[in-house]
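Participant: Line order of the protein sequences matches chains S and V.
Using our numbering, the first residue of the first sequence is number 465, and each one after it goes up by one.
Using our numbering, the first residue of the second sequence is number 303, and each one after it goes up by one.
Wrong hints could be hidden among the right ones.
As the list claims (entries may be wrong) - Listed next, the in silico DSS-like pairs over lysine-lysine satisfying Cα-Cα at most 27 Å (straight line):
#1 S/K966 - V/K464
#2 S/K650 - S/K584
#3 V/K305 - S/K663
#4 S/K469 - V/K431
#5 V/K464 - S/K470
#6 V/K427 - S/K469
FYI, nobody ran anything at the bench for these hints, they're computed from the structure.
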Amino acid sequence: MPEMKKIYLVILLIVIAVAAIGLGYYWYYQVYIKPKEVIVLGTIDKITVLDPAKAYDFFTWEVLNNIGEGLLKYKPGTTELVPGLAESYEVREGGRVYIFKLRKGLKFTDGTPLDAEVVKWSIERQMHLKLDPSWLVTAFVEKVEVIDKYTVAFHLKRPIAYFPALVATVPYFPVSPKAYPWDEAKDSTVGIGPYKVVKWVRDVELRLEVNPDYYGPKPKTKYFIIKFYKDATALKMALEAGEIDIAWRELLPTDIVALKKEGKFNVVEAPSPYIRYIVLRCNQPPFDDVRLRRAIAAAIDRNRICEKVFKGLVTPLYSMVPMGMWSHIDAFKDEYGERNLELARELLREAGFSEDNKFKVELWYTPTHYGTTEADVAALIKESLEETGMIKVELKSAEWATYAAEYIAKGVMPIFLLGWYPDYIDPDNYLTPFLHSEHCGHLGVFYSNSDVDELLEEAMIKPTREERQALYEEVQRILARDAPLIPIFQGRLFLVCKRNIKGVVLDPIMLLRYYLIYKD
Amino acid sequence: MLKAYLIKRALMTIPTMLILLTIIFLIMRVLPGDPVAAIVGTKAPPEVIQSVTRRLGLDQPYHIQYINYLSDLLRGDLGRSMIWGRRPVIDEIMDHFPATLELSISAFMVSILIGIITGTEAARKFRSKFDQVLRFYGILTYSLFIPWFGIMLQLIFSVYLKLLPVGGRIDPFMEPEKITGLYLLDSILTLNIPSFFNALSHLVLPSITLGVYISGVFTRTVRSNMLEVLRKDYITAARARGIPENVVVYRHALKNAFIPILTMMGLQFALLLAGAVLTETTFSWPGMGTFLLERIMYRDYTTVQGTVVFIALLIVSISLLVDIMYAYLDPRIRFR
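Excised from the complex, chain V in its bound form:
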């Protein structure tokens, strides 16, 4: 039964991906701007323009370009960048993805930590002033303007207190030997302690900025689910047995309130991976968000398409993974 459910769920991702690929293909061609002009500039004679157009395959009708694009994808080929040395798109992605992954994981941890503690405590102290403050916090973070919040943190911790760096991933000469591209992990694997702390110091402010921004969603979700669970009979029974309140709340209730939160976590993490553009921009973080934005401006069709496909595949995979975990945690799911 579980196998059938998973196959069905995996098949459902195919039309989603196809629609996305088609939309991005069309959008890139409808937008004003021309990759050939970006490559050859404004002064190139017509024969140079024609030659570059031909080389990039842009002289073909749209439907042929579309078929070529899909067939390349099916072969696992994301193509080559149209500009700047025509590097393989996958190499370009791999230059930026570890930065985004590292920031996402760390921001995610910050948000989960804040979300679970604040959500649980708010539910525990339902309708108290504390609860009201945390509910307000949930709304506040939702409306938080990331560049403003980031700049405030930079001003306080970097400019005035000079404790943490303003931006970037690591200081010059401090990069660990590349294994995974995740500086924290690589510095641990190579036992490079100075690099670890240097990378960590760069990670603190962007992680807090992004983590706080998405923590409100968790605060609200955890709170509402905990409220529901805390009213269940088995919780009352546990309390009646004299089990300490903290154990009741954090061991029994939280565990059971966790299933809907897990779905939320999966989606939020996928969104983080898609590129927290504003955070990356504020902290000069060389991740996928800023990379994608820049390539859109240059109408680098293949890189933009390839990057979107990569991100979409990630989101679909994470969502599938969450569904599997969901089905595993709640056996009723797989029969739906």
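For reference, chain S alone in the conformation it holds in the complex:
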């Protein structure tokens, strides 16, 4: 046999042997090392900072809700608030003071006991740091007072009807003073929730294990692992290859449709209060002219976006308050119909534009933060606006870090796309941050209407839902008339998992409770 052939043969044999042993081991560990006590969830989302004083994004809040807990929490599957770290609370002084009784004997995973001093320290740290989510505390809370070791009082700036819902949000979560510094945000894996972090490699893997010191029912799965993927294609392949049990946030609409059709996996879906909308910079030309804002609102073709880009998986939205939430009315539909090109043209003509003298505008979007569909959404908005024959749209994009942290606040973009996940489940969270003149600049809206401010402030303190509902409906009608924001669509939640995965609860809170999920 010639020498070369011998070499080739030896190489081939080595490769085959290595491959066989490797695949054998791989198969063995795929089958035996992933027992029922491990669930792997894949996502393309990211954790920003594991600090309730800094985190202000959906996914980090979800993780913090599984490794931490608030004084109150939502009962899974409902919007009903139930005791969390506090066993009870009472309201005094006409809604200006909330007194919470803490559960006794609780401790963080670093051994620090939970008491009223820790709660006070955590809230005061939020107020001191003044980072992104702190407004959820500083806008409402005047001070926190320790009454005794396990009793803490929140003194509010004014009565707030929905304060219990705020207390359930992440910025109100108590944190261990040993694990977090007073004067800066920090990543820490110390918590007090149903799970504790045992391993975290940023953007690679987060490994959670049952927290033996948690006061409540133990999670149903010992280890809950989150694997981070770079894009939706990789996520889908990981699901199909069996590497992950759950694909969450999120697969492409086309993939979800295909997976539903195939029927190999469970596709769990639920209505979501997640909304997408357009912001118009209404304190500067050209959108300080309400006719132009109304023209854009009339020309948008929501149905086309929902059908073409999202294959009908999302629903056209005609108010900032999402469908299914009390006080929602189809304000934009009442004002403009589903779409009204004639009205749009008329308004543009009134504003001095024509087919020969087109209204030129830059439409901004961010290419990845809201998924890879965003460029298509922007393109269809451009298309629908240009169908008036009197608008010329130039599409522009910027990465999220620049878009959010710089361009929005500085009012660089005349018209741009944004999305909103609720901080707390109340219509106030869909109206006040966007329309109250004191707050809306943070979201790039720069809208100022004293009537709206008054209505929102009044709604905030009215004790009954009926009284508040009338006020919020009025705000929505003004919103549609003035159009500083234009709602586009409301999302749905989709979670795709293996057939043996049970206990998935998708509810309006939108945060997945890992501790309820198990393998059958």
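Based on the hints, put chain V in the right spot on chain S.
Facilitator: Frame of chain S; chain V shown alone:
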């Protein structure tokens, strides 16, 4: 003579590094985006913005920032990340570098193996159909779109055949005890055989993707150098002596054709280390490429600068090493 050459060669790297450091310093500050805004967000009051700006030293004029930056570097201090807990940059780099190094070494081995065999065989069968096919292969790999090729491999071997994992470096619970951060090596050192094969199974597809992509360069370089060497008199003489063709080609010719290939190997390896971003992204590989990209988006000045310096130093060191080997293999070089 060799010593003088090496000193001269080492000194030449200083201006290169200085230019690179200056460029990266300026680029980071010219790009839109603000690290302070990334840290404090959009709602922070002015006093918080000012305090963070001061703490990061960004309130200083650019020339002072530049001097501080260079003096820190001279002391070997790459600084601390501006975001997420302000970890030392070197720690951040060391979290990601072993992944890139492991992928680079393994992809490099794949590319060398393919490149040498295909290049040599093409030269041997000069102008045959086989040669034409391999020449086409050389061009094809050059124009290969990594994400597409990677996804095809994932679809075939992971999704349909379920033989290899889609992405990542290792399965949960399979990590070997950390010694070097290179999973294959660590699992051998700790005699953790299951970890070794698990890590190996994760390494196969990204290595093939990246290895095939750069193998075309080697195929072409090996082929052209071999063609030249195979025409030399000593090869004809060796053949005339009746030495078997395989021995002539692989022992005598390849060895002599190897010097220019070595330079190419050094450069290619350095480029691989700089981060095969597309491969890392396709295979969710937690290496330097994706890390750097992410930090650029957050305008984490110190981490980006530190990482670029680290990569530049690596490239310069490898290039120096290649030059030394080159001078060693070909004594004429050192006199130039």
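Participant: Would the hint linking V/K305 and S/K663 be met if the CA-CA limit is 27 Å?
Facilitator: Roughly 49 Å between the alpha carbons, so the hint for V/K305 and S/K663 is violated.
Participant: V/K464 and S/K470 were given as a pair; does the straight-line alpha-carbon distance stay at or below 27 Å?
Facilitator: Status violated; Cα separation ~32 Å.
Participant: If you draw a straight line from the CA of S/K966 to the CA of V/K464, is it 27 Å or shorter?
Facilitator: Given that 27 Å is the threshold and the Cα spacing comes to 24 Å, the pair holds.
Participant: Can the restraint linking S/K650 and S/K584 be considered satisfied, given a maximum Cα separation of 27 Å?
Facilitator: holds, 19 Å
Participant: Next pair to validate is V/K427 with S/K469; report whether the Cα-Cα distance is within 27 Å.
Facilitator: The given pair, whose Cα atoms are some 17 Å apart, holds under the 27 Å limit.
Participant: Quickly compare the C-alpha distance for S/K469 and V/K431 to 27 Å and report which way the hint goes.
Facilitator: The given pair, whose Cα atoms are some 21 Å apart, holds under the 27 Å limit.
Figure legend: structure checked against the earlier numbered hints; hints not met, in rising order: 3, 5.
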